[in-house]
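Go ahead and model the full structure; you've got the sequences and the hints to work with.
Order-wise, the sequence lines are chains A and B. Per this note's numbering, residue 1 is the first one in the first sequence, and the count goes up by one each step. Per this note's numbering, residue 1001 is the first one in the second sequence, and the count goes up by one each step.
Don't read these hints as lab results, they were simulated from the structure. None of the hints are false.
Within a straight-line C-alpha distance of at most 30 Å, the following computed DSS-like cross-link-like pairs (lysine-lysine) qualify: (1) B:Lys1273 <-> B:Lys1283; (2) B:Lys1273 <-> A:Lys327; (3) B:Lys1283 <-> A:Lys342; (4) A:Lys249 <-> B:Lys1188; (5) B:Lys1236 <-> B:Lys1283; (6) B:Lys1236 <-> A:Lys249; (7) A:Lys249 <-> A:Lys327; (8) B:Lys1056 <-> B:Lys1273; (9) B:Lys1056 <-> B:Lys1237; (10) B:Lys1237 <-> A:Lys249; (11) A:Lys342 <-> A:Lys249; (12) B:Lys1237 <-> B:Lys1273; (13) B:Lys1236 <-> A:Lys342; (14) B:Lys1056 <-> A:Lys249; (15) B:Lys1237 <-> B:Lys1188; (16) A:Lys249 <-> B:Lys1273; (17) B:Lys1236 <-> B:Lys1139; (18) B:Lys1139 <-> B:Lys1056; (19) A:Lys377 <-> A:Lys327; (20) A:Lys327 <-> B:Lys1236; (21) A:Lys327 <-> B:Lys1237; (22) B:Lys1236 <-> B:Lys1188; (23) A:Lys342 <-> B:Lys1273; (24) B:Lys1237 <-> A:Lys342; (25) A:Lys327 <-> B:Lys1139; (26) B:Lys1056 <-> B:Lys1236; (27) A:Lys377 <-> A:Lys342; (28) B:Lys1273 <-> B:Lys1139; (29) B:Lys1139 <-> A:Lys249; (30) B:Lys1273 <-> B:Lys1236.
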Amino acid sequence: MASLVDRHTGFVAELRRAGLPVSVAEGLDAVRAVRAVDLLDRESLRAAYAATVVKRPQHRATFDTLFDLWFPAAVGDGAGAARDPERPARTLDDDGRPVPAALDPQVRRRRDELAELLLSGDDAGLRRFARTAVAEYGRTPGQESWFSSGVLSALSPETLMARLLESVLTGRERGGMAERVARRTFRDRIARFSGLVAGEVRRRIAEDTGVERTARIAVRPPLERLDFAGATRAEMEALRREVYPLARKLASRLVQKQRHGRRGRLDFRRTVRASLASGGVPLTTHHRPRRPHRPELVVLCDASDSVSAFAHFTLLLTFALREQFSKVRAFAFIDATDEITKYFAPGADITGAMTRLAAEADLVWITGRSNYGHAFKVFDDRYRDAVTSRTSLLILGDARSNYGELSLPIVRSMADRARHAYWLNPEPRAQWDTGDSAASRYGELLPMYECRNLTQLAAFIEELA
Amino acid sequence: MTDAMFASPADAGRRLADVRYLADDAIATTVFLAQALGKPLLVEGPAGVGKTELAKAVAAATGAELIRLQCYEGLDEARALYEFNYKKQLLAIQAAPADRAWQETHDDIFSEEFLLERPLLAAIRRSDPTVLLIDEADKADVEVEGMLLEILSDFQVTIPELGTVSAVRRPFVLITSNAARELSEALKRRCLYLYLGYPAPDRERDIVLAQVPGIEAELAEQLVRTVGTLRDLEIKKAPSIAETVDWARTLLALGLDDLDEAAVGRTLGVVLKHVSDQERAAKELGLSG
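This is the structure we're talking about:
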């Protein structure tokens, strides 16, 4: 193992590569902090690094993954968790091949152990168990690398749920709140176990192939730079939770920007009043606050499957930012267009709104595949008066019209009528104009921005208001 | 820093626990480090997870005085740092004997006597142990952040009429923020950072047990798990630790010893403060009303 200094510099370099802005000063702070804690206490070491180099909660997951790789909890099988030859992980049949996991008494015994640990919530025990389990099931004979899928399919922790619930809810009525609460607890613990297994597998891979290479494969980008389209379900959830704080942040920044703007008209009355204190000499002048300019916002949003994740966030954010605009109207389209503003009435439940939107709005005309041309035509027919000279028009979509018509003149007239018009495209710029994408043909009519993650979205909304 | 307040992370944890602040390992270590490195500690996290409490607990645990600067929009130097007592100065000028030279009066009215200390200057000048809490720094304007930067990097202030005042003894500085606005990179760089999220169920249970004497451990456990489930729902305002504690007190006061649907339904208002949140919770948890 390399010296501690090398470990440190390597770790910090990898954090930077993964997108955490660790400055030189912060790196030095980390060294000082590490010297102040007990190096043998791994959690203290983690806290010391976290306090000095992670300054945003969204970066924490990335940090933890890398920390586990650079400062692994164990080497090889790990002390005290070595495989016991007396206790084989799998039963072999007559041909020397393992029996299917579901029938294997050894596997069943392990599942019992796991259920016991999940029930008691013993985190240290779970951690130990995960380490042994990876040693036992993480690599099938003949395989080169380690996989968490082997462990999870052999032990299939999800299927333990019924049994766990059974043992807590004895005698109580099922389907009620108690079950729901217990279910959540166990789901968290099972997720914790999967996480431990994944971490353990990463550690094993890193031992075989080197820390840097593993880090490059294992680390997801931090949340604010995560591609909407490529997010996993858990990340989607996290992203959605980011929308409200983001909206609040943007709103307060926008308000601040307005306040720092030029001063408004002279407030004659207040100026004269204030001058009484200085014998009628108006030493300080008072001004009326400037009336903030509040644009009306019209959002026209592609709701087809290919961009739905993106549309979801933009709509959530738009509606979270409602106070910044004097009026917000939203329209969704696939190959027909419908107004969806009503689903987002103030106080409405946002998740419910998205479901109702998908179920009730009249978006499909014939095919259910994006048809920008027809969608714009419908919009122009039915909602022409929505776009006025006070409107900021926002079109969201990947501009892929399945080789259908584009209705360019209609879009041109909409863009001309609106005060501002923008197009947000969730595709990477490199893919624009490939295949059926009409990005640059629309882009000639109104400015088109690439918008694939929270950072880009936030930057854009700030420009808009 | 002349004398260490905490000897080790474990010591910090223990002494915070003595004043009834249950810190997990990360909190204890970070508090210890902030003190050992003499760096300000920036604490972020949702409302009601005990950020301000932490500052109070550190002060109580170390026998230091807590000086608090509450930030708000429009906070300025005069409110945060120092100002001259204008009215007193006027009085002094009027009361000065007529034959006194102006220069003398002038020197006189800009002396220590007419200086009004505000929290930041007070914290710097104190020679006894001090915890400086800069609360809700995200509410203040960007200019205030600039001022904080200047003070927190050297722990000294220059008052034109009096000269430079340096800290006799570095205060333990704790800055809290709800992240309504992103604080500047420069400020974050100078601080240690601690994100306080909602606590793990075990820790929250212990907090409830410590704060609400007389509650059964099993009920506390049930309560904490239920609150956790509520936090998981997508609601506007997730219940804070303080609300969990309130809830525990409510149940105790009502003499309820089991948290079933009916009990939750009756007392939901203690933890959820929006109608839409309550409706959602009622729907998701299957409360009968």
